[in-house]
Amino acid sequence: MITANIHKKLRSGYGQVDLRVKLQAPTGSIVVIHGPSGAGKSTFLKILAGLMPTEEGKIAVNNRIWLDTSAGISLSAQKRRLGFVFQHYALFPNMTVRQHLEYATNDTQWINQLLKIGCLDGLADRKPEYLSGGQQQRLAILRAMAIKPALLLMDEPFSALDQKTKAGLIADLKSIWDALQMTVIIVSHNPQELEDIATQEIYIEAQ
Amino acid sequence: MDWSPIWLSIKLATTTTLLLLLIGLPLAYWLSKGRSLFRVILESFITMPLVLPPSVLGFYLLLAFSPQHGIGKWLHHTFNIQFVFSFQGLVLSSVIYSMPFMIGPIKSAFQQIPASLAQASYTLGKSERETVLKILLPNIKSSVLTAMVMTFAHTMGEFGVVLMIGGNIPGVTKVASIAIYDAVEGMDYHSANSYSLFLFVFTFVIVTVVFVLNRNRTKSPLE
Numbered sequence: 001m002i003t004a005n006i007h008k009k010l011r012s013g014y015g016q017v018d019l020r021v022k023l024q025a026p027t028g029s030i031v032v033i034h035g036p037s038g039a040g041k042s043t044f045l046k047i048l049a050g051l052m053p054t055e056e057g058k059i060a061v062n063n064r065i066w067l068d069t070s071a072g073i074s075l076s077a078q079k080r081r082l083g084f085v086f087q088h089y090a091l092f093p094n095m096t097v098r099q100h101l102e103y104a105t106n107d108t109q110w111i112n113q114l115l116k117i118g119c120l121d122g123l124a125d126r127k128p129e130y131l132s133g134g135q136q137q138r139l140a141i142l143r144a145m146a147i148k149p150a151l152l153l154m155d156e157p158f159s160a161l162d163q164k165t166k167a168g169l170i171a172d173l174k175s176i177w178d179a180l181q182m183t184v185i186i187v188s189h190n191p192q193e194l195e196d197i198a199t200q201e202i203y204i205e206a207q
Numbered sequence: 001m002d003w004s005p006i007w008l009s010i011k012l013a014t015t016t017t018l019l020l021l022l023i024g025l026p027l028a029y030w031l032s033k034g035r036s037l038f039r040v041i042l043e044s045f046i047t048m049p050l051v052l053p054p055s056v057l058g059f060y061l062l063l064a065f066s067p068q069h070g071i072g073k074w075l076h077h078t079f080n081i082q083f084v085f086s087f088q089g090l091v092l093s094s095v096i097y098s099m100p101f102m103i104g105p106i107k108s109a110f111q112q113i114p115a116s117l118a119q120a121s122y123t124l125g126k127s128e129r130e131t132v133l134k135i136l137l138p139n140i141k142s143s144v145l146t147a148m149v150m151t152f153a154h155t156m157g158e159f160g161v162v163l164m165i166g167g168n169i170p171g172v173t174k175v176a177s178i179a180i181y182d183a184v185e186g187m188d189y190h191s192a193n194s195y196s197l198f199l200f201v202f203t204f205v206i207v208t209v210v211f212v213l214n215r216n217r218t219k220s221p222l223e
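As they're listed, the protein sequences go chains A and B.
Just so we're aligned: 93 in my numbering is position 93 of the first sequence, and the numbers increase by one with no gaps anywhere.
Just so we're aligned: 14 in my numbering is position 14 of the second sequence, and the numbers increase by one with no gaps anywhere.
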């Protein structure tokens with residue numbers, strides 16, 4: 001179970017914005033977050049990940065407190081051990097596809113399985129600059145999943161994929177998420193594409 | 001031609017570059033991480049040798065490390081270290097004088113790496129140290145190479161600050177640039193020309209090598 005209650009003041013295209021999000025999601029659920037640009041969707045994910053501070057907030061995952069601003073508790077991103085798929089992938093230019101996964105885990109069998117799921121097994125020795133946008137996006141997803149996180153955060157993870165690839169990848173990912181009992185939070189501008197698998201939707205708007 | 005000034009210049013430039021690499025990498029990384037007033041002031045001090053007359057820096061170093069008083073006296077009596085008119089004095093002044101050439105390109109390179117790369121590493125459970133060593137540094141190696149070569153080349157050409165703190169002691173502080181000045185003073189234009197030509201060609205070659213190595217990776221080292 002993940003519970004989060006966040007309040008942060010943001011500056012965006014709308015001027016000063018109050019980001020207020022309440023979330024309660026059982027383990028294994030898939031939460032889709034949508035809303036207008038600049039409302040704070042990506043910021044909310046970064047706060048969950050411990051990559052951005054917030055004025056007020058509480059986050060607990062599986063009864064473990066990650067953040068409690070009133071008690072002065074804030075676990076570092078390293079200690080939260082969650083998977084994060086960045087909007088612009090944040091791939092490491094110096095590493096090949098396989099090295100990205102080896103950086104995250106030593107489990108060779110799991111790495112091979114991930115490469116197969118992402119259809120990147122034939123491209124394992126390529127660096128990101130030699131991958132297409134869709135391949136880079138798949139690698140970013142695989143890298144985030146390599147540590148088998150309890151919570152997986154994804155910021156527009158399927159935007160560069162064609163319909164066919166997207167459908168196949170989502171089906172494969174869903175089976176892994178179910179098997180690992182992973183809770184997944186996905187920011188998407190196109191929530192319809194995930195309506196078959198989403199267990200919960202949250203709309204964030206600029207306030 | 002007496003080659004000892006050339007070798008001394010190369011020894012000084014190599015020592016300075018290696019020392020500045022050790023100091024410069026962590027300092028440039030730290031400076032790239034924020035814009036606090038303290039960081040800005042420190043960066044101003046580091047950058048000042050780019051615009052300050054070398055004689056000003058040399059004069060203050062001479063005062064500070066004079067064995068007659070202050071820090072220089074204490075260092076001389078306690079550790080038997082003398083910076084004035086010695087090779088270690090040349091190294092100290094070169095480290096200060098060439099510091100902006102090492103720090104500037106590396107700091108800019110750290111700042112140009114998207115923050116999300118380090119963040120991605122942190123979410124994989126990696127420490128800041130591991131992230132710097134395995135993600136950030138490998139992705140700025142061309143800038144580090146540029147900084148090293150520019151530092152080396154700049155130290156090879158130092159004159160004012162070296163003359164102020166080191167004087168002109170053959171085999172100890174008489175580097176190539178001082179030897180040129182000395183030869184011209186003595187009207188030995190043949191030696192002056194030999195040293196000058198060597199420095200000209202040597203500097204041109206190493207700067208060109210850096211431009212060639214980085215031609216597809218970075219902008220001009222001066223940008």
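Incorrect hints may appear among the rest.
[What the hints assert, rightly or not] Restricting the straight-line Cα-Cα distance to at most 30 Å, the calculated cross-link-like pairs of lysine-lysine (DSSO-like) are:
1) Lys-79/A - Lys-134/B
2) Lys-58/A - Lys-22/A
3) Lys-141/B - Lys-127/A
4) Lys-116/A - Lys-33/B
[To be verified] From the structure, some residues in chain A lie toward chain B, with a derived Cβ separation under 8 Å:
5) Gln-78
6) Arg-81
7) His-88
8) Tyr-103
It should be emphasised that the hints constitute simulated quantities derived from the structure, not laboratory data.
Cβ coordinates follow ideal geometry from the N, Cα and C atoms, glycine included.
Hints versus structure:
1. Lys-79/A - Lys-134/B: holds (19 Å)
2. Lys-58/A - Lys-22/A: holds (10 Å)
3. Lys-141/B - Lys-127/A: holds (16 Å)
4. Lys-116/A - Lys-33/B: violated (38 Å)
5. Gln-78: Result: holds, 5 Å to nearest chain B Cβ.
6. Arg-81: holds (6 Å)
7. His-88: Holds, about 7 Å.
8. Tyr-103: holds (7 Å)
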